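Following the hints, put chain B in place on chain A, whose structure we already have.
Residues per chain are reported as follows:
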Amino acid sequence: GQQVMQIPQYQHVQEGEDFTTYCNSSTTLSNIQWYKQRPGGHPVFLIQLVKSGEVKKQKRLTFQFGEAKKNSSLHITATQTTDVGTYFCAGTRGSTLGRLYFGRGTQLTVWP
Amino acid sequence: KAGVTQTPRYLIKTRGQQVTLSCSPISGHRSVSWYQQTPGQGLQFLFEYFSETQRNKGNFPGRFSGRQFSNSRSEMNVSTLELGDSALYLCASSPQGALNTEAFFGQGTRLTVV
Numbered sequence: 038g039q040q041v042m043q044i045p046q047y048q049h050v051q052e053g054e055d056f057t058t059y060c061n062s063s064t065t066l067s068n069i070q071w072y073k074q075r076p077g078g079h080p081v082f083l084i085q086l087v088k089s090g091e092v093k094k095q096k097r098l099t100f101q102f103g104e105a106k107k108n109s110s111l112h113i114t115a116t117q118t119t120d121v122g123t124y125f126c127a128g129t130r131g132s133t134l135g136r137l138y139f140g141r142g143t144q145l146t147v148w149p
Numbered sequence: 055k056a057g058v059t060q061t062p063r064y065l066i067k068t069r070g071q072q073v074t075l076s077c078s079p080i081s082g083h084r085s086v087s088w089y090q091q092t093p094g095q096g097l098q099f100l101f102e103y104f105s106e107t108q109r110n111k112g113n114f115p116g117r118f119s120g121r122q123f124s125n126s127r128s129e130m131n132v133s134t135l136e137l138g139d140s141a142l143y144l145c146a147s148s149p150q151g152a153l154n155t156e157a158f159f160g161q162g163t164r165l166t167v168v
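Same order as they appear, the protein sequences are chains A and B.
Start counting the first sequence at 38; every next residue gets the next number (my numbering).
Start counting the second sequence at 55; every next residue gets the next number (my numbering).
Incorrect hints may appear among the rest.
Unchecked claim - Which residues of chain B face chain A? A few of them, derived with a C-beta cut under 10 Å, are:
#1 87
#2 91
#3 98
Hints in this document: simulated from the structure, not taken from any laboratory.
Here the structure is a predicted model, which is why all the values come from computation and not from measurement.
Yeah, the Cβ is synthetic: ideal placement off N, Cα and C, and Gly gets one too.
So that you can see chain B by itself, here it is in the shape it has in the complex:
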């Protein structure tokens, strides 16, 4: 069974640009969550999608958005990039959404904003 796949693995963008990250969950998993990881802040929850609907949302500005497609693949978008958006973005999938089930993480996308 293939794991969670995130693309691209590495990305360099300039301030003000926008970026789209992609996540393909494990086959059969309907829940996809996104996290931002930085050395000082740990794993910060962005949002969670289940069956194409945003079910949970963290405390990030509206520049951060996401969506989920009918095949459960998910994308997140960050507009008007800031230097502080430089981080490792992790996607995690689970069968029904983390309640009583483990989350499977992808390798992450390392975003650098210059």
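So that you can see chain A by itself, here it is in the shape it has in the complex:
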């Protein structure tokens, strides 16, 4: 079954509003990665979080890794039309080296 759950599946926001997507794993993860896929494109790596409770920022994007290393979130402040796309989280587990467990993604639409 789905080992990494991601919500919401879709999010429509007005430009300037904030956006958050959440990931939850049934098992402890070694690390969590985030990817963005633009419409018609392929997933592109954004960031990786490794430590429990880690928080990283990239301009308007804030990424968090939960204390138990089972959940993560991506928050975008003041969305822009260039933020449109699908955001995926992907976790790794020490017991299955080489495999990424992807969430189903959150498709973000930004209205101008």
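Structure of chain B alone, referenced to chain A:
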């Protein structure tokens, strides 16, 4: 440094046929993973190869197979195609297999089964 290259980009096949997709990873990357992407199911993991060995396998039927060559290039094969196999097939490479390293995706092969 060249990125991940997938060929062909687009493919149309009829039911019952078989198809082979190719992936050339980034130079030096030893791990290649394959994913099937459809609108309703997201990114579904097919398999991962590392140093010519299948190291991980997803929950797909035996009609889906793959291999990796000594130069790390990988191919996946789908036999007896079904309409439901229509999807974007993505290949991703990484230096050692996604643990603590990012995956670099190719542009994908869009397969349509008619």
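Okay, the hints, checked on the actual structure:
Given the 10 Å rule on beta carbons, the hint for residue 87/B holds: about 7 Å separates it from the nearest Cβ of chain A. Given hint, residue 91/B at the interface with chain A, holds; its Cβ is 9 Å from that chain's nearest Cβ, closer than 10 Å. Of the supplied interface hints, the one on residue 98/B holds, with its beta-carbon coming within about 8 Å of a beta-carbon of chain A, less than 10 Å.
In terms of the numbered hints stated before, the structure departs from none.
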